[in-house]
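*Asks:* If you want the building blocks of each chain, they are given just below.
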Amino acid sequence: MTVVDEVVGMLGDPLMQRALLAALLVGLAAPVMGTYLVQRRLSLLGDGIGHVALTGVALGWLVGNIMGLTPHDALAVPGAVVAAIIGAVAIELVRERGRTSGDVALALLFYGGIAGGVLIISQAGGTNANLMGYLFGSISTVSQGDLVLTVVLSVLVVGVGVGLRTALFAVSHDEEFARASGIPVRALNLLIAVIAALTVTVAMRVVGLLLVSALMIVPVAVAQIVTTSFHRTMITAMAIGVTVCVGGLSITYWQDAAPGATIVVLAIVLYAVVSVLRPILVRGRRHNLPEDPHLQVADDVELVP
Amino acid sequence: MTAAVRAAGLRVSLGGATILHDIDLTVADGEVVGLLGANGSGKSTLVRSLVGVVPTERGTVELLGSPLGRSVPWHRVGYVPQRAGAATGIPATAREVVVSGSLHGRRLRPARDARARAHEALELVGLAHVADRAVRELSGGQQQRVLIARALVRSPDLLLLDEPVSGVDLPSQHAFAAALGRLVDSGTTILVVLHELGVLAPLIRRAVVLRHGAIVHDGPPPRPVGEHAAPDHDHEHPHGDLAAADTGPVVLQPDVRWRG
Chain A
1 MTVVDEVVGM LGDPLMQRAL LAALLVGLAA PVMGTYLVQR RLSLLGDGIG
51 HVALTGVALG WLVGNIMGLT PHDALAVPGA VVAAIIGAVA IELVRERGRT
101 SGDVALALLF YGGIAGGVLI ISQAGGTNAN LMGYLFGSIS TVSQGDLVLT
151 VVLSVLVVGV GVGLRTALFA VSHDEEFARA SGIPVRALNL LIAVIAALTV
201 TVAMRVVGLL LVSALMIVPV AVAQIVTTSF HRTMITAMAI GVTVCVGGLS
251 ITYWQDAAPG ATIVVLAIVL YAVVSVLRPI LVRGRRHNLP EDPHLQVADD
301 VELVP
Chain B
306 MTAAVRAAGL RVSLGGATIL HDIDLTVADG EVVGLLGANG SGKSTLVRSL
356 VGVVPTERGT VELLGSPLGR SVPWHRVGYV PQRAGAATGI PATAREVVVS
406 GSLHGRRLRP ARDARARAHE ALELVGLAHV ADRAVRELSG GQQQRVLIAR
456 ALVRSPDLLL LDEPVSGVDL PSQHAFAAAL GRLVDSGTTI LVVLHELGVL
506 APLIRRAVVL RHGAIVHDGP PPRPVGEHAA PDHDHEHPHG DLAAADTGPV
556 VLQPDVRWRG
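Protein chains in written order, with my numbering: chain A, 1 to 305; chain B, 306 to 565.
Please keep in mind that the hints were generated in silico from the structure rather than gathered at the bench.
Hints should not be assumed to be uniformly reliable.
[Stated by the list, open to error] If you only want the chain A side, here are some residues facing chain B, beta carbon under 10 Å, derived:
1) 41
2) 166
3) 180
Keep in mind it's a predicted model, so treat the numbers as computed, not measured.
No residue lacks a Cβ here, since even glycine has one placed at the ideal position from N, Cα and C.
Produce the complete structure using the sequences and hints provided.
*Replies:* Dropping the structure here:
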C-alpha cells in the first residue's frame, strides 16, 4: 500500500472526514481570538473559561437526565456554551473593576469550575470518566449535529474576529486611547469575552477543555516570533493552527494516540523549532541588508576636535 | 460661539484622594493653551478626565459643545496620552497603530482611505519610512511620535496632548512644533500639558498652571523659575530621568558641552 492509498483511505473514512473538518475549523478559529487575548495579556483567560465550561457540561448532563433525554449528554454542549459565556463575562467585569483582583478571580473560577463539574456530574448519574471526553477531547466521536454547531460557531468567531479586527485591535492595544475616542470599549471588551467563550466550546471537542487554551495561544506565540505586524501575526497563527490541527489528527489515524494531546505537542514542538530557526527566518525577511539600528539624528553634544 | 472645551466645577478623585478640586476651564475655538504645573499637580488627570478616561466625581465637561459621552463628535477630537512606550503583547506596525486612531465612536471599521491618511500622518511626524516596522523596534521618541500621528490621523479640530515632546529628541521636537504651528494656523484648538514650555513656547499665548489640583494661574505664560530658567537649560528627558537631568548642564569632558 502506498502513501497515496493511505491518504485516500483516511479521506474516505466518513468518521475521519467529520473529524478533519472539525479540526480544520477549530484550527482556523482558535488563533483568531488567541491573538486578541495575547495582545491583552490575558493568555490564561481561555483556561479559566474552559474550567467553567466543565461545570456547564455537567449541568447540561444533569438537566438532560431530569428531562429524560437520550443520549444523556444531549445538553452537554449547550450547557458548556452558556456556562462559558457567563464565566467569560464575569471575568471581564471583574477585570474592568480592578486589575489587582482579576488574577484571584480567575483562580477562583479555575478551581470552582473543575470542582463544580465533578460534583454535579456525580449527582447527574454520570462518572468522572464521562467528563474525560470533554476534558481531553473526543474528536473521533464528532456527530453530524456537533459538526453543524462547530461550523456555525467557527463562522461566527472568524467573522467577528476578522471583520472587526481594527476596532478589537484598538481596544486591546490601548484601552485608554480607545475610550478617549468614544469607542464603546465596554461593549467590545464583552464581545471579545463572549467570542472567546464560544471559541472554547468549539475547540472543546477537538482538544478538550484542559488543552483548549493551548490551541488559542501557542499558534500565536509561534507566529509572533517571526512577524512584525498584528495582521500578519493573526494570519500566520491561523495557518499554523490549521496545520497542527489537521496534521496532528492525521498522525493519530495511523498511530494510536490521543488527538488533542498530539495536536498540542505538535504545536509546542513547532514553537521550539521556530524559536531556534528565528535568526535564519528573520534575516531572510530583511533582504540581507545590514541596517543601522541607530537613529539618524544630530548629536546632543558638540564635539570639538 | 461654542467653546472647544468647557469644564465646570470639575472634581476628580482617584483611590479616595481628591486629585482635582472644582476646576473651571474654558478653551475657546482656535486657542492654544498650555497646561503647566509641577509633577503630581493634576495636569494629566485633568486632560484624562476631559476625554473621559478618568471618571469625574462632580461637575460637567463639554467638548466641542456636546456633553462628554456618545454625543461628542469624537472624530474631531485627537488625544495623545503620556506614555514612554506603545508596545504590547503582539507586534504591531506603526501604520497599524496609526490606522487604529482613525476609528471613533461612530466608526468601528476603518475607512477606505485610512491607510493613505495614516501614511500622511506618519509623514507629518517624519516617520513615513518606518511605517511598516514594528512599533517595539522603534526608539522611545519614535514611539511617542507614532502616538502623535495616531491623534493627527483624524485631522482633529481639537487636540489634547499630554507631554507630547517628553523623551523626543530635539530635531523631532522642532519638527513637531512646526507641524503643530501649521495646525494652529489652520484653526485647530490645542490644549497641551507641558512640564515646561520648551520648543512650543512661541505657539502658546495662554497658560493655565495647576498646583495641588487647583488652578493658580490663568493668563500669559509665566516665566520659569529655578534652574529651568537657565538660558542654556534644555529639558527633554523622559520621565524617570528627573534626578539625572535636573542637575543642570553636565560636563562630560572639557571639550564636550551641551548645546543651548
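*Asks:* Against the structure, test the hints numbered earlier, and report the numbers of the ones violated in rising order.
*Replies:* Per hint list: zero violations.
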